[in-house]
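Novice: Add chain B to chain A, keeping to what the hints say.
Protein sequences, first through last, are from chains A and B.
Residues in the first sequence are numbered consecutively from 0, following numbering that gives the first Met the number 0.
Residues in the second sequence are numbered consecutively from 0, following numbering that gives the first Met the number 0.
The hints are simulated quantities; they were obtained by calculation from the structure and are not laboratory data.
Glycine is no exception: its CB is placed at the ideal position from the N, C-alpha and C atoms.
It is possible that part of the hints are untrue.
To be verified - DSBU-like mimics (lysine-lysine), calculated; alpha carbons at most 30 Å apart, straight line:
1. Lys75/B - Lys224/A
2. Lys84/B - Lys290/A
3. Lys6/B - Lys224/A
4. Lys192/B - Lys290/B
5. Lys224/A - Lys224/B
6. Lys75/B - Lys290/A
7. Lys6/B - Lys84/B
8. Lys224/B - Lys170/B
9. Lys290/A - Lys235/B
10. Lys235/A - Lys192/B
11. Lys235/A - Lys224/B
Unchecked claim - To be clear about the criterion: a stretch of chain A counts as covered by chain B if any three or more of its residues have a C-beta under 8 Å from a C-beta of chain B, and this derived list gives those stretches:
12. 24-33
13. 215-224
Take a look at the letters that make up each chain.
2 protein chains.
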Amino acid sequence: MLIGNPKPTIAIMGAGALGGYYGCRLAQHGNDVHFLLRSDYDLVRKQGWKIRSVDGDFELPPEALHVYDNPDAMPKADLAVVTLKTTANSALGNLISPVLKADTIILTLQNGLGNEQLLGEQFGMERVLGGMAFVCINRLADGVIHHMDHGVIRLGEPNGGISERVNVVVKLMCDSAIRCESLENLRKGRWEKLLWNIPFNGLGALLDRSTAQLLAPADGMALVKSVMEEVRMAAKADGIELSAAAAQHQIDRTWSMGEYQTSMQIDRRAGRPMEIEAIIGAVAVLAEQHKIAVPQLRMLLNLLRLQQSNNLHGK
Amino acid sequence: MLIGNPKPTIAIMGAGALGGYYGCRLAQHGNDVHFLLRSDYDLVRKQGWKIRSVDGDFELPPEALHVYDNPDAMPKADLAVVTLKTTANSALGNLISPVLKADTIILTLQNGLGNEQLLGEQFGMERVLGGMAFVCINRLADGVIHHMDHGVIRLGEPNGGISERVNVVVKLMCDSAIRCESLENLRKGRWEKLLWNIPFNGLGALLDRSTAQLLAPADGMALVKSVMEEVRMAAKADGIELSAAAAQHQIDRTWSMGEYQTSMQIDRRAGRPMEIEAIIGAVAVLAEQHKIAVPQLRMLLNLLRLQQSNNLHGK
Chain A
0 MLIGNPKPTI AIMGAGALGG YYGCRLAQHG NDVHFLLRSD YDLVRKQGWK
50 IRSVDGDFEL PPEALHVYDN PDAMPKADLA VVTLKTTANS ALGNLISPVL
100 KADTIILTLQ NGLGNEQLLG EQFGMERVLG GMAFVCINRL ADGVIHHMDH
150 GVIRLGEPNG GISERVNVVV KLMCDSAIRC ESLENLRKGR WEKLLWNIPF
200 NGLGALLDRS TAQLLAPADG MALVKSVMEE VRMAAKADGI ELSAAAAQHQ
250 IDRTWSMGEY QTSMQIDRRA GRPMEIEAII GAVAVLAEQH KIAVPQLRML
300 LNLLRLQQSN NLHGK
Chain B
0 MLIGNPKPTI AIMGAGALGG YYGCRLAQHG NDVHFLLRSD YDLVRKQGWK
50 IRSVDGDFEL PPEALHVYDN PDAMPKADLA VVTLKTTANS ALGNLISPVL
100 KADTIILTLQ NGLGNEQLLG EQFGMERVLG GMAFVCINRL ADGVIHHMDH
150 GVIRLGEPNG GISERVNVVV KLMCDSAIRC ESLENLRKGR WEKLLWNIPF
200 NGLGALLDRS TAQLLAPADG MALVKSVMEE VRMAAKADGI ELSAAAAQHQ
250 IDRTWSMGEY QTSMQIDRRA GRPMEIEAII GAVAVLAEQH KIAVPQLRML
300 LNLLRLQQSN NLHGK
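One chain only, chain A, in its complex shape (with noise of 0.2 Å):
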């Protein structure tokens, strides 16, 4: 039970740098929080995570931490916050389902499209909120979270509307020194950041070059702006409107930012499959679905996922 728990059991499903950074967060504030991971799993378990923040430093030490390699070996949740990569979405049913009791709310903060509906169709909508994390963070080596910039978590219902259960996991966060606001319109909320994320880790990621490198030159400035064109085009699609003001908006904004390496382009240059599907592929292929020609966001779906193949097999 999630409403009326004073100390829930919370499960984070993929604790890379963004699960580990609010896991520990709300551990630190006395949550019964259990972390799922995989790479660092031996590291943490034996050093516990050091989290360089922003909005503060602070360590847990193993003693403090319930982590596990295996989530058959978890308790059952009563919140489940899954921040896996969405590459990782083929396994996730096997992965999460250990955790779930008849009332765990499943919370996803993965990127793109589609994940409240992919949980939906295997857990039930009725379980499921989504949620986006603004924040600029990376996993350094030994166990190390650095937390640069930014921070706030907004979450809604996959259909939209405030409810209880949003505002309970809104409170807990708060709580627990985690910005976090409730989102009336989640969808609307998942296409502005699209907006952003599919000019700049799509053709970021392709192009290899940080935000910066992109919006210097006339080229790219153009490439961006179309690119965006199109994502609004899709969003209309979708039955929501953003407007050319907002697009602009995430430009200067991103020009204000400097130097700033995507998550795609990172992923790219260690050799790691980048969320293509999540973040371009469900656009394109939804656009498509309702007879609107979204061609360079087709083009750029297609040549990430050579560019991918490049990467990770070889030609």
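Specialist: Quick look at chain B alone, frame taken from chain A:
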């Protein structure tokens, strides 16, 4: 005078692999050929050229060659064959004007669209012929030119039709063991070549993939096909019909070639300027002037410009 001249003076302006090969064939058969070189000048002046060709190997020793690193030192030509890369087109006027006299015919064998017009604007359209070389050729180290496959030149009048001077140049080539044909419709010939060049050079250079590596995955095949669709639309706006069957034929033919690296992919790998503007830019701009939307060509153009600047200057 070219017509009626049994031994016209021929200038090969920009003798890389292509100009070197055809010029050497002409010289091998007793023609008076003068080569403008840049990077290989010292080497060829001392050692001559060695040709390894599917049509028969041969060598031209230094004493059988007229090579120059400065066009001012060259004799006036009856026929100036332009084989400079289009990336050097801004210097084209200054480079070739020293070899021109009142009746010099200028034959451009350069890639892409707009080269005849550029020469016509500077020297008068009545001097200009255009042609295309369909040839697999590479320049190796040590003054060796490797002619691997094909080799036909097709040439014609910029405004169409077969003139006497076209026939004279075709005969000159054929008498020197060069396969050469006249083209009734040069503009159509250029578009047929662009139908191949734009997807395979453009996408191959952007993704660093050979023709076979582009066509093997379904996403790559889809990209090639949809880019070809836009080339067909651009051609149509220019008054040239390219059939869907012609596009499919290009794909089938390319499959049968196996692994082939286009010149633009090789230039990318070597960190040399790519012929982006002549092959893709000229087509995108022409279509847009006709108010035809070619979003994929525009995107490919902008992506390649950024890729080029990654390559040449860092980011």
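Novice: Now look at each hint and say whether the structure bears it out.
Specialist: These are the hints, each one checked on the structure:
1. Using a Cα cut-off of 30 Å, the hinted pair Lys75/B and Lys224/A is violated, with the two alpha carbons roughly 51 Å apart.
2. Distance restraint check for Lys84/B and Lys290/A: the Cα-Cα separation of roughly 42 Å exceeds the 30 Å cut-off, and the hinted pair is therefore not satisfied.
3. Proposed proximity of Lys6/B and Lys224/A is contradicted: the alpha carbons are some 58 Å apart, above 30 Å.
4. For the hint pairing Lys192/B with Lys290/B, the CA-to-CA distance comes to about 23 Å; that is within 30 Å, so the pair holds.
5. Annotation: proposed proximity of Lys224/A to Lys224/B holds, straight-line Cα distance about 25 Å (limit 30 Å).
6. For the hint linking Lys75/B to Lys290/A, the alpha-carbon distance of about 61 Å lies beyond 30 Å, and the restraint is violated.
7. With a CA separation close to 27 Å, the supplied pair Lys6/B and Lys84/B stays within the 30 Å bound.
8. Between Lys224/B and Lys170/B, the direct Cα distance comes to roughly 37 Å. Violation of the 30 Å bound is thereby established for this hinted pair.
9. Restraint check: the Cα-Cα separation between Lys290/A and Lys235/B comes to about 25 Å, which is no more than 30 Å; the hinted pair holds.
10. A C-alpha spacing of about 39 Å is found between Lys235/A and Lys192/B, which places the hinted pair above 30 Å, so the restraint is violated.
11. For the given pair, Lys235/A sits about 28 Å from Lys224/B by alpha-carbon distance, which is consistent with the 30 Å threshold.
12. Coverage of the segment 24-33 of chain A by chain B is violated [criterion: at least 3 residues with CB-CB distance below 8 Å; count 0].
13. Residues of the segment 215-224 of chain A lying with their CB closer than 8 Å to a CB of chain B number 5, which satisfies the three-residue condition for coverage.
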